[in-house]
Amino acid sequence: MTSFDEIYSKSKSRYQELESGNKPWIRIGTAVCGEAAGSKEVVDRIKSDLRSLGVDANVSEVGCIGLCYAEPIVDVIKPGGPRIFYGNVNPDIASEIVKSYVSEDDYRPDLALAAMSESDVDGVMNMKDLPMWSKQVRVALRNCGNIDPMEIGQYIATGGYAALDKAVNSMTPEEVLKEVQDSGLRGRGGAAFPTGTKWSFLARSPGPVKYILCNCEEGDPGAFNDKGILESDPHSLIEGTILAGYASGASNGIVFIRHGHEGPINRTLAAIEQAYELGLLGNNILGSSFSFDMEVSLTGDSYVAGEETALMESIEGKRAMPRARPPFPAAYGVWGLPSNINNIKSLSYVPEIIAKGGEWFAGIGTDGSKGTAILCLSGNIKYSGMIEVPMGLTINQVIYDIAGGTPDGRKVKFLQTGGPLGGVLPDEKMDVELDFGAMSQAGAILGSGGLIVADERACAVNMARLLVAFCQYESCGKCFPCRLGMTNLIEILERVSNFASRPEDLELMTNIGQNMAAGSLCGHGQLGWNPVQSALKYFPDDFSAHMEEKRCITGQCAQQITTPQRTRSRWSPVQLLELKV
Amino acid sequence: MAETREQHDQSIKDALMKQNAKTVTVLSSLLAIQDSLGYISGRAIDQIASYTGSTLNDVWGVASFYTNFRFSPPGENFVEVCWGPTCHLLGAQGVLDCVLGELGLKEEGDTGDRKVSLKFNTCLGACSQGPLVSVNHKIIGPKLIGDANPKDFQNSVVKIISDLKKG
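Protein chains in written order, with the working numbering: chain A, 1 to 581; chain B, 1001 to 1167.
Some hints here could point you the wrong way.
Footprint (simulated), chain A over chain B, 3 or more residues, beta carbon under 8 Å [what the hints assert, rightly or not]: (1) 1055-1069; (2) 1099-1109; (3) 1114-1124.
Hints were generated in silico from the structure; no laboratory data involved. Where is the CB? At the ideal position from N, CA and C, for every residue including glycine.
Sequences and hints are given; from them, build the entire structure.
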């Protein structure tokens, strides 16, 4: 059995060879955001150009560094030269970069986005001064865009799995649990439950088989950070999961991902395999007496599958419908065995917390919300992407200072936060701090970290209608207040946006919404009223214009909305019988 | 050439046996068959039930729940258009309307000649690049086509779709 020190020194020397050896190192972001912008074509061009010019260079496909607005991003470091990031690269620009900088010495300031170096590079902005980068504190995202997610050695060389080695060989499970409790880490999936407390429930449950479930269902439109982490740095999650297992005495980990997201799935599968090869997973991890296994479980298209009890049903291969609680997962989870469900982001913090100590993590952020917030910025915004900033920054700072406001300087009208159930937050409320308590007081939840910005061209009625259409489409149908309530709400909102509302509609909607909140098992029905309620609260003028003056202020409602006209009960038994014949 | 019943049964069996999941369930089997055949046939339901030791009702129940499963062979090409909130704000409705118009469809479904199957998607996972469409599982955003403005993007998408229809 090789010791961790041996693995580390081997990885380290190989990584140093890449970073400061005698060959240029080209890194290209090929996460899904890069792919949608054309990074695969860029990779192909760079490889063929290197061949035809006869230049010897290392090429790595890395994940998402978070500056998605500038994708595809190519990042070149040369022996003795600065590390330069090039943004908005297409195949032709890629050829220019290879010709000028990789094979010769002209780093092309005209094409460069920024330089990551101690000293300033003439004519290129330093990364430290880039608005989207300067305020970031990268803990869970520390490796994203820097290392090749398919190479475990690069993760180990940059400090990975050292926390695991430290934990299993020199700390007791109680000490690991205490570090996480001291860190004040709260769940990043939406409910913000203290992670350490959750683990302590599982630690008290009887073994020997107990599960750590890693939730990457991430159906929230506008949130792509869980998939981003798996695609850019899957080993952070794997190490965090093993540590969670060690602290709570669990034996198995399951990463739960929606099928079809090939990048995150393939990279996680490869990472798990590599971790097994090095003895970081399996029996007697790193020579200790602790054993832990991990696998990937895929689900079909269902938003509610991300709810913790529905997720367990889905892992068991059933319909993703929530269970009644109690019993809670720590007592009766997947396959009836004790389970603990954490979001990908929460688990990805853990290696750094163990490596640097709970106190260090607790030093970042606010009193009620420790650490950083991992946010996804999208919509009518200048710099879209995935960022990690300390808790306690205001939303205004995020939207204007970091993300540059709207692309064409239009006024921001509202922000849609925390997924479709999170509601909308108007511009004048955006001085609220990134803090679980402050955000929910303002009527918006931080949720999974998706921030969708809408400028003044957007109509609040239109957005409420779209969000309810989403919630209706995705209702699992188990609780009738949610199943029927969503359908009624969408009918009423369609009336409102077609200027055919009835006088009693506002009262009716409120009534339905309150009943949904009272009579549903899971957050989908309980919070399903949120988008309409917050739109009504903050944009009463939009509603009264539609309902009384029969017009839409922005004109957005003049266009018909096409949404899927079906629900989960779209197949009647008779239809199914017909299909079978 | 139409597949015989025996061949069909064999491809279902192959897909079931070769599935990648460590823990085999009804759902993992359905996903494996959808991936390899493109749809869930009645024969597949039978085989999954006996393979996983479940009832036909259980398998139908799971298959009809998840919206990605389809029960008839898909068209030659598979197009998805995202209608999630981010893409909506960035002009997804315009893209949807163009795609529906070009395919001569009123809602998601297959074209009469079975060249193209259209599905609405709630999130393709690259919101920062919206509005997004996916053509044969390749995600396409405005940047990939080299245009930033919504009108040009719509036109490019229509062009791609009309090529699919011809090809």
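Going through the hints against the structure:
1. 1055-1069: Since 10 is at least three, the answer is holds.
2. 1099-1109: The restraint on the region 1099-1109 of chain B holds, since 3 of its residues have a Cβ under 8 Å from chain A and three suffice.
3. 1114-1124: n = 4 at 8 Å, threshold three: holds.
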